[in-house]
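Student: In the order they appear, the protein sequences are chains A and B. As numbered in this note's numbering, residues 1057 to 1447 make up the first sequence, in order. As numbered in this note's numbering, residues 1057 to 1447 make up the second sequence, in order.
For the record, the hints were derived by calculation from the structure and aren't laboratory data. On a predicted model such as this, the values are computed, not experimentally measured, just so you know.
Straight-line Cα separation of at most 30 Å, DSSO-like style, residue types lysine-lysine; simulated pairs: (1) B:Lys1443 / B:Lys1390; (2) A:Lys1091 / B:Lys1126; (3) B:Lys1086 / A:Lys1126; (4) B:Lys1365 / A:Lys1126; (5) A:Lys1121 / B:Lys1090; (6) B:Lys1121 / A:Lys1443; (7) B:Lys1126 / A:Lys1121; (8) A:Lys1361 / B:Lys1329; (9) A:Lys1082 / B:Lys1126; (10) A:Lys1126 / B:Lys1126; (11) B:Lys1320 / A:Lys1176; (12) A:Lys1126 / B:Lys1117.
Take a look, some chain A residues computed to stay more than 10 Å from chain B by CB distance: (13) Cys1268; (14) Asn1369; (15) Lys1372.
The C-beta atom is built at its ideal place from N, Cα and C for all residues, glycine as well.
Protein chains: 2
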Amino acid sequence: MAKINKNYLNLGNNYLFREIEEKVQKFNIKNPNKKLINLGIGDVTLPICDQILKSAVESIKEMGKTETFKGYGPNLGYEFLREKIKENYFKSGINININEIFVSDGAKCDISNILDIFSKENTCLIPDPVYPVYSDTNIMIGNEIIYMDANEENNFLPKPNSKTADLIYICSPNNPTGAVYTKEMLQEWVDFANLNKSIIFFDAAYESFISCENLPHSIFEIPGSKTCAIEFKSFSKSAGFTGIRCGYTVVPKDLIIENVSLNKLWNRRHSTKFNGVSYITQKMAEAIFTEEGQIQCQKNINYYKENAKIIANSLKSVEMKFFGGYHAPYVWFKCPKNMYSWEFFDYLLKNLNIIGTPGSGFGKNGEKYMRFSSFGRREYVLEASEKIKNL
Amino acid sequence: MAKINKNYLNLGNNYLFREIEEKVQKFNIKNPNKKLINLGIGDVTLPICDQILKSAVESIKEMGKTETFKGYGPNLGYEFLREKIKENYFKSGINININEIFVSDGAKCDISNILDIFSKENTCLIPDPVYPVYSDTNIMIGNEIIYMDANEENNFLPKPNSKTADLIYICSPNNPTGAVYTKEMLQEWVDFANLNKSIIFFDAAYESFISCENLPHSIFEIPGSKTCAIEFKSFSKSAGFTGIRCGYTVVPKDLIIENVSLNKLWNRRHSTKFNGVSYITQKMAEAIFTEEGQIQCQKNINYYKENAKIIANSLKSVEMKFFGGYHAPYVWFKCPKNMYSWEFFDYLLKNLNIIGTPGSGFGKNGEKYMRFSSFGRREYVLEASEKIKNL
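Same shape as in the complex, but just chain A (with noise of 0.2 Å):
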């Protein structure tokens, strides 16, 4: 008789976007005549560029011709692509290997699926609040999980305590709270993991939005960092991939743990359980890296960057409390009149017809705190801020 994942049962039913949407879709019944504004979604709205669009159709045109079609590719993903990111990491100062670099369908899956090479008796470090797939991922194998608090008192950028932990996330620009680590906060994180033989699972996916040349894009640019990281990044928020899913995970060859090679083991189970990225895919990541496609992708950033900044100043006209908004595309706030996260959701929804996201949906800590996104169009950022002004 197969018998099933009994740990799939501890996860909570509901997923918090889905309850979202079921709440939207209520009020849209209940009220058909009401715009509303969604400061809530975490996904791009403005289209690809024009450079990566063209790579794009070169790709397909290649994909029509015998002598230049492309079936399997590379497992590691194509070297052209993979020897760009290598040079953008040199950029920074950053020595790379390609053979460290592995491209895949995106951050999400990496960083999903890296726990297969791990031992499901690791003790896990989350912070709370915290993107729900961490944890769900580790609920998922049974995996024992210890949360660290982020809150006001640590600028929600905690630090390492005595609690040992084996396996560490960071995502840092933080999603939800836009929080930024200094170098300075990292290397104790890093020599944390080092004395510890712990691995750092470190998620970049918002680092292009880093607006000040001291803060840390990768944690590679911490001594001592390639024993004890690997790092996970995407194209979908500095190049709006959401939709065409791309991104590309670090393991060190440093990476020994029981005297066994993390990247050998990786790319045992890159190879074996997955099958690369589309040709067409991995061409467009590569016209990213070109001067032109590097300049239009900054200019998506900005707009959105602009966004975000009018969303925090609108929250600082009423005097509020904001944290993140400068180095991410998220703005993170505390409710008013000590409402609880679903109470202002709701008020939010009637009053203003504005969609948030709840801060509790991210963890214990965001109770009471909502999430704005700034990758909404221009226009209604500019609508939501003037009713804020209103809150």
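Here the structure of chain A is known, so what remains is to put chain B in place on it, guided by the hints.
Tutor: Showing chain B alone in chain A's frame:
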């Protein structure tokens, strides 16, 4: 201290196709002027059909405009594609609900990841010889494996026997042997699975190569299958998508184990650890199901089938016994002179300058067999066939 998944250390060191590549490289260095013909490759070589390319270019245009840009897609895949898949099943008299269809980036990923939703205490029944991914992914999680012998005695189509098993892998048409189960034989498996509350993983990646009307293209043609089977399908071989990456998995709603819906579990897995397939890819897949798309894809399949026939005939002409080749892109045959697989591989390489795939790479019952693939270009297949006649 982080601990690794030690099951990975039980995996074979070398992957079959890497071993072949290394041998070929060595040969090329020693014999720079010898032209090799590759009948070992499991990858398609014909370019993507016009109808599909047209759809790709259209979808890229959409991604370049604000009004039509697509970000994150629906977790299960776009309805336009799932509707087409549903309709296609319906043409064969099979009723599938669109919420039973999960679009993914390929059957290899799904047939690997499906194990996530099952307990690690299941015993797996895997044919030998077989696609190495089935056993590798089970070894990775430490599942107990029972191999079932596929050999000339049973026409490489093992039947259920008294051994109970919780998870059963069936690949029909088979890789590497080309053997195809009849409806009656599949019925035996379905009855066995329902009786023992086992789950069948039915890999139908090569169903488009079936030439005879009476042979089943899908496990769901078999009464009772919806309470015991999951089907994995791929556009890799049917539409030349090995470099595009798209497939789908059907998990019937009637599939209930320990009072839990496997459809719900897989939905949770799919939406948590995966983020959908590129919109462009899904639009390309949709085009496969247009009238013109079907005609063009079928033309390519016929080309490969004709190749298989040419290879089969050349083996026939030297009175070598072979299997497959009619309903599958693979021709499977016993090495001459009682040679071992790798011995014959070396012989073919050195004397005929042909690359084959050693049967032993697919399991112990593959020893002394060889697999030829029909995915090459016609001119090479013809040239190889002439050479084979001198065996």
